[in-house]
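Chemist: If you read the protein sequences in the order shown, they are chains A and B. Position one of the first sequence corresponds to residue 1 (the numbering used here), numbered consecutively onward. Position one of the second sequence corresponds to residue 1001 (the numbering used here), numbered consecutively onward.
One or more of the hints may lead you astray.
[As the list claims (entries may be wrong)] Partial chain B-side listing against chain A, Cβ under 10 Å, derived: (1) 1002; (2) 1012; (3) 1017; (4) 1020; (5) 1049; (6) 1053; (7) 1066; (8) 1069; (9) 1075; (10) 1077; (11) 1083; (12) 1084; (13) 1106; (14) 1107; (15) 1114; (16) 1115.
[What the hints assert, rightly or not] With beta-carbon atoms standing in for the labels, derived distance ranges: (17) B:1024 / A:104: 25 to 31 Å; (18) A:205 / B:1087: 41 to 47 Å; (19) B:1073 / A:198: 43 to 49 Å; (20) B:1088 / A:344: 38 to 44 Å; (21) A:106 / B:1087: 29 to 35 Å; (22) B:1070 / A:113: 44 to 50 Å.
If you're looking for bench data, these hints aren't it; they were derived computationally from the structure. Remember, it's a predicted structure, so these values are computed and weren't measured experimentally. Yeah, the Cβ is synthetic: ideal placement off N, Cα and C, and Gly gets one too.
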Amino acid sequence: MMEMRASFFVECEELLEALQDGLATLEAGEEDNETVNVVFRAVHSIKGGAGAFALHDLVRFAHRFETMLDELRSGVLSVEPGLVRLSFSCADVLADLVRAARDGTEPPFERIDQTMEALDEMIAGEGEEEVTSADFQPVGLSFDFDLGGDAGGAGDSAPPVGHVITFRPAAALYASGNEPRFILKALAALGPVRVKVLTDDLPTLDSLEPEASLIAWRVHLDADVSEAAVREVFEFVEGLCDLVIERPGDAGDAAAPGTTPALPGTHPVTKATWGLPPAPVPTASAAPAPQPTRPAASGPAASGRPAEPAPPARASAAEKSADKSADKGGDKGASAAVEAKGTIRVDIDRIDRLVNLVGELVINQAMLAESVQDAGLTGHPNVESGLNEFMQLTRDIQESVMLIRAQPIKSLFQRMGRIVREASSMVGKEVHLRTEGEATEVDKTVIERLADPLTHMIRNAVDHGIERPDGRIASGKSRTGEIRLTAMHRSGRVLIEVSDDGAGINRPKVLAKAIERGLIDADAQLTDSDIDNLLFLPGFSTADTVSDLSGRGVGMDVVRSSIQALGGRVTIQSEPGKGTNFSISLPLTLAVLDGMVVRVAGQTLVVPLSVIEETMSLTSEGLASLGSESQVLRVRQGVVPLYDLGVELNYRDPLDTYVGRIALLVTLEDGRSVAIAVDKIEDQRQVVIKGLHSSYGRIPGIAAATILGNGQIALILDIGDLVSRARGVTRLRDTLSLAG
Amino acid sequence: MSLEVLAVDDSRTMRDLIAHTLRGAGMTPHLAEDGQHGLEVLEGLQPDAIITDINMPRLDGFGFIEALRADPRWRGLPILVLTTESAPELKQRARAAGATGWIVKPFDAEKLVKALQMVAG
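Model the full assembly from the supplied sequences, consistent with the hints where possible.
Modeler: Right under this line is the structure:
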């Protein structure tokens, strides 16, 4: 059941995506009936599923939203900007409700109420339709619902037990696929029955009309059940038969007024409102209508415990495209659907297991290559070509497996649409989001962890980048600003750009701020690009422009560090009056990493390539000492502090001289550069990341480990963490060196 | 003897739920995603009953039922409509198309099984 619930929430995400797509089409003015239908169906399906899991808030809201869309569908309402805006709002609220239900959190009731009110205004003349959960009670076939003690005839002090039912089907009953045999069986299930076949209408054979309904039944039901329970049995055939239900005392008293069985179609007792159930017993409208109690585990609806948060919906790369076809279980219908679409859904744990195994394979392949070399077989043509093929295959397998975890970035981009809408209305600007490359596939975890930094960047662009409408007009731009969100693959990485056509970075102001906050010296000579990069410094915030929006205590420094944590980089470009462009470059996967294999004090270590700007040999001219322990390195115009990796990791004491060693020039999260001294660079290669957290917890300065081709285990360093720790110890030195 | 039931619904969640319920009741579920798919799946089947949604892409529930009733093979087959809709005119339309019965969601497993037993034994 929990699995089904999880699967429901996964489907909801897909439906929400379809909803967004449809609304975007409507917004673009390209509406047609099918688009409206798709939008309607998405909401409708969410409502249907939510009902099954007793998610009342979700059902109530979806129903109201659906009502508006239905009016749109039927032409009562038409597509106009106000309606589209409201629909987007509704889609957002719907998404909130879905996620709140999934995570067991509190939905934003205030916003829901506001949106409901707006919906009510939009839905012309439908305001009186009060939707309560009672509307979604099983009114159609409410076996339990109508079994209340008063349903069988209140006021009877001692009614005789049992019923006498006269049942005369019309021909239409058979035509609709109903079968009297099963109806009689259902009656028998209520208690002991005596059934009499009434053949009065049966003509002689020569006048027999084969398609006519000629046989009726009288059933004596000897059970203390309510009349409502008996009527339930005839639920589907109301109006398709003559039905008389009497108490045993009256039975056979065929002359009693109003109860005489008559010819089909003329009998006054049953109304011709087929399918309409007997009016349900009204329930107190305030309280949620009673759920029928059932034996435990009698069915999914019974065992769904709404209060319990569902496990996070597991999603896989395949799932996005699996879309429609994904029925588990081996029944024929489901497998037919699967074949039709060519996709399957797979639990993500299985994929991760596969990713791990492929990692082992990569390591194994590297080890084999090394063994072959050690054995002196490298020159052997067969061995050589075999090994090359093996290497190629391993690489192909690895890439294919990584692709399984990849998902289109579309879902993330769609969320940004909402951010733009909310942010721009909050600050009174008009902003349009344009997205490109939504189909670009990115590792699932990367997508998840990119949401926060991207949200922040988009908010920033709305708040600080885009000008107010009047300001834009004054500078000859269109009233509505544009934020462009693009994604593409470039040289084995994913490139995501956030650009706006706003005013660009106000460099004098940024500079003044940085000086005021003591982040740079007053007389520092900075290039434009240096100034732009000041935005990434911790503690930098243009406080006088703090608004509801971006004054949340999260700075661009956090954005940068979250992107770096993903093995990515973020750069900034800005042109005054034209706009600002943030560019994020990310690895395709988190399972492997491009690393530089270095040796320090006899140890082999891996430094992520993404942090290394350049490498250089240390010469006596480049090095300068500050005091007895501190070294700095001259790099072009400036100097950067030099850290000995061997010292920082406690492998050795500081060396007397670093001449002849290698320095890795590294840019830290705060934008500052430092040099890391190592003894030797061994190699530059892809390494498989092996987490250490589960076994050792967090280790200062160490990000993970890997296994090298020779079978040796090497630690992957977290340079930023390492240096900030070193700084804590050597802050004095650090300050000195920078002052020099 | 186990009942074979074809369930047609465009919501995966709903199909999962129905399939789960039917299996739990000892029935054999077959699944389809919309009316069109339902007709295709039906080609290889001899079901004892059909459950169908109304709002579906390609071929909706009404069209699906009409297509079934137009085919002599399925003329007497019990067809239950399972939907969130409860408007009388829609029910009337379903009846006119040839539906056997109408069950209003939310999904209630016990209700569904009882209804199936009532129309298909």
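Chemist: Compare the structure with each hint and give your call.
Modeler: A quick look at each hint next to the structure:
The closest approach between the C-beta of residue 1002 of chain B and any C-beta of chain A is roughly 12 Å, which is over the 10 Å cut-off, so the hint fails. Satisfaction of the interface hint for residue 1012 of chain B is found here, the shortest Cβ-Cβ separation to chain A being roughly 5 Å, below the 10 Å cut-off. The beta carbon of residue 1017 of chain B comes within 5 Å of a beta carbon in chain A, closer than 10 Å, and the hint placing it at the interface holds. Of the supplied interface hints, the one on residue 1020 of chain B holds, with its beta-carbon coming within about 6 Å of a beta-carbon of chain A, less than 10 Å.
The beta carbon of residue 1049 of chain B comes within 8 Å of a beta carbon in chain A, closer than 10 Å, and the hint placing it at the interface holds. Taking 10 Å as the C-beta cut-off, the interface hint given for residue 1053 of chain B holds, the closest approach to chain A being about 8 Å. Annotation: residue 1066 of chain B was flagged as interfacial toward chain A, and the flag is violated, the nearest CB pair being 13 Å apart, outside 10 Å. Among the interface hints, the one on residue 1069 of chain B holds; its C-beta lies about 8 Å from the nearest C-beta in chain A, closer than the 10 Å criterion.
A least Cβ separation of about 8 Å between residue 1075 of chain B and chain A falls short of the 10 Å threshold, and the interface hint therefore holds. For residue 1077 of chain B, the suggested interface contact is upheld, since its CB lies about 6 Å from the closest CB of chain A, less than 10 Å. With 10 Å as the threshold, the beta carbon of residue 1083 of chain B comes within range of chain A, its nearest partner Cβ sitting at about 8 Å, so the hint holds. With 10 Å as the threshold, the beta carbon of residue 1084 of chain B comes within range of chain A, its nearest partner Cβ sitting at about 5 Å, so the hint holds.
The beta carbon of residue 1106 of chain B comes within 3 Å of a beta carbon in chain A, closer than 10 Å, and the hint placing it at the interface holds. For the restraint placing residue 1107 of chain B at the interface with chain A, the shortest Cβ-Cβ distance is roughly 4 Å, inside the 10 Å limit, so the hint holds. With 10 Å as the threshold, the beta carbon of residue 1114 of chain B comes within range of chain A, its nearest partner Cβ sitting at about 6 Å, so the hint holds. Interface hint status for residue 1115 of chain B: upheld, as the beta-carbon distance to the closest one in chain A is roughly 6 Å, under 10 Å.
Between residue 1024 of chain B and residue 104 of chain A the beta carbons are some 26 Å apart, a value that agrees with the proposed interval 25 to 31 Å. Taking the beta carbon of each, residue 205 of chain A and residue 1087 of chain B are about 45 Å apart, inside 41 to 47 Å as hinted. Against the hinted window of 43 to 49 Å, the Cβ-Cβ separation of residue 1073 of chain B and residue 198 of chain A comes to about 32 Å, which falls outside the hint. The beta-carbon spacing between residue 1088 of chain B and residue 344 of chain A, approximately 42 Å, falls within the hinted interval of 38 to 44 Å.
For the hinted restraint 29 to 35 Å between residue 106 of chain A and residue 1087 of chain B, the CB-CB distance of approximately 33 Å keeps it satisfied. A beta carbon spacing of about 48 Å between residue 1070 of chain B and residue 113 of chain A agrees with the range 44 to 50 Å that was offered as a hint.
Violated hints, listed in ascending order, are 1, 7, 19; each of the other numbered hints is respected by the structure.
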